[in-house]
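Visitor: Based on these hints, arrange chain B on the given structure of chain A.
Order-wise, the sequence lines are chains A and B.
Positions 34 to 370 (my numbering) are the ones given, in order, by the first sequence.
Positions 34 to 370 (my numbering) are the ones given, in order, by the second sequence.
One or more hints might be untrue.
Pairs of lysine to aspartate or glutamate residues, derived as DMTMM-like cross-links and limited to a Cα-Cα distance of at most 25 Å, are as follows [unchecked claim]:
(1) B:Lys-330 / B:Glu-320
(2) A:Lys-179 / A:Asp-313
(3) B:Lys-219 / B:Asp-237
(4) A:Lys-179 / B:Glu-174
(5) A:Lys-204 / A:Glu-223
(6) B:Lys-179 / A:Glu-223
(7) A:Lys-45 / A:Glu-97
(8) A:Lys-234 / A:Glu-224
(9) B:Lys-179 / A:Glu-174
(10) A:Lys-330 / A:Glu-370
(11) B:Lys-179 / B:Glu-223
(12) A:Lys-179 / B:Asp-313
One side only, chain A facing chain B, incomplete, derived with CB under 10 Å [unchecked claim]:
(13) Pro-290
(14) Val-295
(15) Gly-308
From the structure, some residues in chain B lie toward chain A, with a derived Cβ separation under 8 Å [as the list claims (entries may be wrong)]:
(16) Tyr-95
(17) Pro-290
(18) Leu-291
(19) Gly-292
(20) Ile-299
(21) Leu-300
(22) Val-304
(23) Gly-308
These are calculated hints, taken from the structure and not from any lab test.
Since the model is a prediction, treat every value here as computed from it, not as a measurement.
We treat Cβ as the ideally placed atom computed from N, Cα and C, and that holds for glycine.
Number of protein chains: 2
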Amino acid sequence: MTTLRNRQVRLKSRPQGIPQADNFNIVEVPVEPLGAEQILVRNIYLSVEPAMRGWVSDVGNYSEPVAIDAVMRAITVGRVEQSNDPRYHVGDIVTGMLGWQDYAAVTAATIERKVGAGFPISTALGVLGINGITAYFGLLEAGQPKASDTVVVSTAAGAVGSTVGQIAGIKGARTVGITGGADKVKLCTEEFGYAAAVDYKAADFEAALDAACPNGIDLYFDNTAGAISDAVYQRLNVNARVVICGTASVASWSPPPLGPRVERIILTKRVRVQGFVVFDLLARYGEALQQLGKWVKSGELRYREDILDGIEAAPDAIAGLYRGDNFGKRLIRIAAE
Amino acid sequence: MTTLRNRQVRLKSRPQGIPQADNFNIVEVPVEPLGAEQILVRNIYLSVEPAMRGWVSDVGNYSEPVAIDAVMRAITVGRVEQSNDPRYHVGDIVTGMLGWQDYAAVTAATIERKVGAGFPISTALGVLGINGITAYFGLLEAGQPKASDTVVVSTAAGAVGSTVGQIAGIKGARTVGITGGADKVKLCTEEFGYAAAVDYKAADFEAALDAACPNGIDLYFDNTAGAISDAVYQRLNVNARVVICGTASVASWSPPPLGPRVERIILTKRVRVQGFVVFDLLARYGEALQQLGKWVKSGELRYREDILDGIEAAPDAIAGLYRGDNFGKRLIRIAAE
Chain A
34 MTTLRNRQVR
44 LKSRPQGIPQ
54 ADNFNIVEVP
64 VEPLGAEQIL
74 VRNIYLSVEP
84 AMRGWVSDVG
94 NYSEPVAIDA
104 VMRAITVGRV
114 EQSNDPRYHV
124 GDIVTGMLGW
134 QDYAAVTAAT
144 IERKVGAGFP
154 ISTALGVLGI
164 NGITAYFGLL
174 EAGQPKASDT
184 VVVSTAAGAV
194 GSTVGQIAGI
204 KGARTVGITG
214 GADKVKLCTE
224 EFGYAAAVDY
234 KAADFEAALD
244 AACPNGIDLY
254 FDNTAGAISD
264 AVYQRLNVNA
274 RVVICGTASV
284 ASWSPPPLGP
294 RVERIILTKR
304 VRVQGFVVFD
314 LLARYGEALQ
324 QLGKWVKSGE
334 LRYREDILDG
344 IEAAPDAIAG
354 LYRGDNFGKR
364 LIRIAAE
Chain B
34 MTTLRNRQVR
44 LKSRPQGIPQ
54 ADNFNIVEVP
64 VEPLGAEQIL
74 VRNIYLSVEP
84 AMRGWVSDVG
94 NYSEPVAIDA
104 VMRAITVGRV
114 EQSNDPRYHV
124 GDIVTGMLGW
134 QDYAAVTAAT
144 IERKVGAGFP
154 ISTALGVLGI
164 NGITAYFGLL
174 EAGQPKASDT
184 VVVSTAAGAV
194 GSTVGQIAGI
204 KGARTVGITG
214 GADKVKLCTE
224 EFGYAAAVDY
234 KAADFEAALD
244 AACPNGIDLY
254 FDNTAGAISD
264 AVYQRLNVNA
274 RVVICGTASV
284 ASWSPPPLGP
294 RVERIILTKR
304 VRVQGFVVFD
314 LLARYGEALQ
324 QLGKWVKSGE
334 LRYREDILDG
344 IEAAPDAIAG
354 LYRGDNFGKR
364 LIRIAAE
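Isolated chain A (complex conformation) (with noise of 0.2 Å):
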């Protein structure tokens, strides 16, 4: 038997802002014997987050920044090769944090589930997944939308954002997308379902924003933070409510930019203003997959892959996304399913 060789996307450098390509290195290992419960897991599809601007960040966050040339720190999903646990099986699929690298040694502790049939295993790290169960929670908990609400969503056609639209318009709700470029816009309403989209980039945005939101906004899901939430914000009504998610159109907080004050907006109008980590719902996760689970089965929700093939591409990918190069869930093919 030959000894299986482990390629791994380390943290080389600490980033400021943006990790960029050169912030990482790949490096292989051979795959060490197994230890007593371990299961060793074949990574098949790597995920990509905006999120992991902050996993790397050691400016304040929700978790521990990846140490410099630790493996990178991602969710992933793979198949069981080995078990020393007799609750995992060889072929068995699975998800959690296992990493940026071909193969991980892990317990139990560390597989979020097994992932069953019936859909795509890629989706367990985009809508049936994080992605999914983000915009689940995050727009129906801390969002609450009513039917009357215009809901506006920043990052539209992302991950997150695209199912956000797509929930809020399931329960009744005008949704309008904000997103970079004409194409994304086209997606958008074409493939999501939002009443409408437009593109920030342009120079027309705040006038297009306007148009697209006759009747004021009501509830803001906002994956940007930055100048697109400043233009949001002009336009909120009262008892509006922002769910903060991301912030993905600032390109540092060390230390914070400037920006307008918002209080007067908050007070005048009653805005509520929550900050949301999905982490947070761990042990309710099972509740929003069956339901993502069953929209997607009836086709009321859509997602789309943005696939990169091979471990190579992993250096630049989170780069990739804050360019704005990814349509829909950014996703890294390892191995084949």
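Guide: Below, chain B alone, put in the same frame as chain A:
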């Protein structure tokens, strides 16, 4: 019978930012014969509120701006002198939005309520009026304090802030006041029961805030916005709540001043920020007044009043609030009780 003369403080010009004495003038007009269903109220105390800055501004707010040459909008307490409404009798003490003037001829719709016996009538404008009600609902409903919380209050010695601090203390929280100057720091700890108070004007403000909040900040009742809030946001704990009730430290919102963006803090700490305007809860004022009255009677809730004498004091009274001249609720007494 001589004709009654009515001195009125009118808005002469629209201020940029904080209303100054020269934005008002005092005119004297005759009191007209009372119309059908009208009540003539002789004002005794006129209220002075930080919120008046917003009431005279034509920047977006929660009420229509006071018109130029109109009597300044204000809550007052006074005595019924004539009545064409069988529900009101000469001698009744009433409160309502009766304006900065000696006499108001109004229908019952403008009267908020009759003021019962048992408390000084001036309290109807402060701790047992809009300020106390604001503190009560703003803290308890919008802020949801827990006994384990560290609660920080800005304008801690003011009419709203001092009541917020004491109610938070009654609910078991550790309370920290932010105020301006050593005398008010002393008032906070010695009179209003704050566990600690810090002077935002002092050079060591941030260090003092750290020392006063060794376990971070769980709830921030914000009456100031601006740089004071920036310091507080840096110290918010996970699941912190912020109630925005006022923006007293910001001189002008037209245009909004710049400050450090807070989206990243709100996201990573899962903060909830809620704008609060007490007028939304008009139907529930009685509930708050009943509890506030009990606490005042028992001595658990203290209040301070800062009473100016004579209607001539009105034009400069708002500017004085923003200069921090007052110790406690600012009132203008224009007639004997």
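Visitor: State for each hint whether it applies.
Guide: Quick rundown of the hints versus the structure:
1. B:Lys-330 / B:Glu-320: Since the Cα atoms of B:Lys-330 and B:Glu-320 sit roughly 16 Å apart, the hinted pair holds (cutoff 25 Å).
2. A:Lys-179 / A:Asp-313: Distance ~24 Å between A:Lys-179 and A:Asp-313 Cα, so the pair holds.
3. B:Lys-219 / B:Asp-237: holds (17 Å)
4. A:Lys-179 / B:Glu-174: Answer holds: A:Lys-179 to B:Glu-174 is near 21 Å, not above 25 Å.
5. A:Lys-204 / A:Glu-223: Holds - the C-alpha atoms of A:Glu-223 and A:Lys-204 are around 19 Å apart, at most 25 Å.
6. B:Lys-179 / A:Glu-223: Measuring from Cα to Cα gives roughly 47 Å; hence the hint is violated.
7. A:Lys-45 / A:Glu-97: Within the cut-off at roughly 17 Å; holds.
8. A:Lys-234 / A:Glu-224: Holds, at roughly 21 Å.
9. B:Lys-179 / A:Glu-174: With a Cα-Cα distance of about 21 Å, the restraint between B:Lys-179 and A:Glu-174 holds, given a limit of 25 Å.
10. A:Lys-330 / A:Glu-370: holds (21 Å)
11. B:Lys-179 / B:Glu-223: Satisfied, since the Cα-Cα distance of roughly 23 Å is no more than 25 Å.
12. A:Lys-179 / B:Asp-313: Holds: A:Lys-179 and B:Asp-313 sit about 20 Å apart, inside 25 Å.
13. Pro-290: With Cβ-Cβ at 6 Å, under 10 Å, it holds.
14. Val-295: Check passed: Cβ of A:Val-295 comes within 7 Å of chain B, closer than 10 Å.
15. Gly-308: This hint holds: A:Gly-308 lies near chain B, its Cβ roughly 4 Å from the closest one there, short of 10 Å.
16. Tyr-95: holds (5 Å)
17. Pro-290: Nearest chain A Cβ about 6 Å off; hint holds.
18. Leu-291: holds (4 Å)
19. Gly-292: holds (5 Å)
20. Ile-299: holds (4 Å)
21. Leu-300: Hint on B:Leu-300: holds, closest Cβ of chain A at ~4 Å, below 8 Å.
22. Val-304: holds (5 Å)
23. Gly-308: holds (4 Å)
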